[in-house]
Amino acid sequence: MARITAGVASSHVPLLGVAVDQGKSDDDYFGPIFKGYEWTREWEKTEKPDVVILVYNDHASAFDMKIIPTFAIGCGERYKSADEGWGPRPVPDVEGHPDLAWHIAQSLILDEFDMTIINEMDVDHGLTVPMSMMFGQPEKWPVKVVPLAVNVVTYPVPSGNRCWALGEAIGRAVESFPEDLNVQIWGTGGMSHQLQGPRAGLLNREWDNRFLDMLESDTDEARYISHLEYLRETGSEGIEMVMWLIMRGALGKRVKSLHRHYHIPCSNTAIGHLVLEPERSEAKEGVAA
Amino acid sequence: MKQDIHEYLADLEDIPGTRVFTAKRARQGYWLNQFAMSLMEPENRAAWKADERKYLDTWPMSDAQKEAILARDYNRCLDLGGNVYFLAKVFSTDGLSFAEAVSTMTDMTFPEYREMMLQGGRSPEGNRSIKANLAAKGAGNPQEGN
Ligand SMILES: [Fe+2]
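Chains as they are written, first to last, in the numbering used here: chain Z, 1 to 289; chain D, 1 to 146.
None of these hints come from the bench; they were simulated from the model. These numbers come from a predicted model, not from an experiment. All residues carry an ideal CB built from backbone N, CA and C; glycine is no exception. The reader is advised that the hints may include incorrect statements.
Claimed, not checked - Covered by chain Z, per the in silico footprint, the following chain D stretches (three or more residues, Cβ under 8 angstroms): (1) 21-30; (2) 36-42; (3) 50-58; (4) 65-73; (5) 80-92.
What the hints assert, rightly or not - Okay, derived cross-link-like pairs now, DSSO-like style, lysine-lysine, Cα gap no bigger than 30 angstroms in a straight line: (6) LYS66(Z) x LYS131(D); (7) LYS54(D) x LYS66(D); (8) LYS80(Z) x LYS140(Z); (9) LYS80(Z) x LYS131(D).
The following block holds chain Z by itself, in its conformation from the complex:
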């Protein structure tokens, strides 16, 4: 059976991709940010996940205003890095896992989550930056990816509660996939940041750290944080953190926190990163690594 063996949360600031692509990741500005990912890079080498369900949002790259899916799942064979106006990032194509993706899509629909299915799309920094943070610059990405795109741009975006419940349903869907697969789920974006208007540049270290505390613990309080609270406390783009709740929902009630990192600033944004393991007694047995 396939299993979700870990959850990872990470910011996906485009500038981090630039730092990797231009070899700046250990300079004075970026060094402290990337240092907080070193542990995870080593850990990923030993974990060797087969597939990552990568929860992210598209930033006007694959989706324009014509179609705005609330929750979309990529069921394609492969995805190219999007040209976001500077030319595509020089990263390998992202290989999909259509068997698992279609299984999850069908299971979610039967579980009353009416997903949009995407067979072809390009993926932007929201997806490729976390890949670079976790895996560096390989010739070929060491995992297959099931992209899960969430609308966090046009309001109303999905509620935190709905995101958490979707995560729970993804957990059930993965567990009913017959093949032995080591699956991770990643929630990306955030933490506090505001990219628009006279209030741009808002950051909230205290709130962000309370959010990290919540996700590390057994409580599910975070699912009830309102959109208004994200807006007031974490800036207009902090709402991306609802995507972390999908990851956390998929891990079940009890988790063990393996790693945590927080840094201010990266460009306009507060960087947050967590590695969590679901606490199930047999969490890793029987998984072909």
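Got chain Z sorted already, so can you dock chain D with the ligand onto it with the hints?
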């Protein structure tokens, strides 16, 4: 868990110095954002760079939207329904970084803005609610939002 839609939408207008991208703004800014999105294509970027006004005139945008884009007045663009992820196509075509473009929407120069970010960013203190700021002002508290 269902929220009252009118209350929900009214609350979104209570954030100081912020234009939350609601359906209303998405409708108002539809062509403005679609124009910006078109700059993802190299041929469109070339046509835009060759003659901005002429390229804009091929889009069914309002005059105010066109003026705001030509002036790179991004706050005005937000007021007219623009969304920053779409407007990013315009400023990245201009060669501006995200942080520099964002700083133009504040009352700071880019070096001042960058320094603020290095010092921990803008505090949420006094920046949470227009109504709360007005109430505080009425009560003789000098703290203002934006
Ligand atoms: Fe993002």
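Evaluation of the provided hints:
1. 21-30: Held - the region 21-30 of chain D has 5 residues with a Cβ nearer than 8 angstroms to chain Z, which meets the minimum of three.
2. 36-42: holds (count 4)
3. 50-58: violated (count 0)
4. 65-73: n = 0 at 8 angstroms, threshold three: violated.
5. 80-92: n = 7 at 8 angstroms, threshold three: holds.
6. LYS66(Z) x LYS131(D): violated (35 angstroms)
7. LYS54(D) x LYS66(D): With a Cα-Cα distance of about 11 angstroms, the restraint between LYS54(D) and LYS66(D) holds, given a limit of 30 angstroms.
8. LYS80(Z) x LYS140(Z): Within the cut-off at roughly 13 angstroms; holds.
9. LYS80(Z) x LYS131(D): Violated: LYS80(Z) and LYS131(D) sit about 46 angstroms apart, past 30 angstroms.
Against the hints set out earlier in the document, violations occur for numbers 3, 4, 6, 9.
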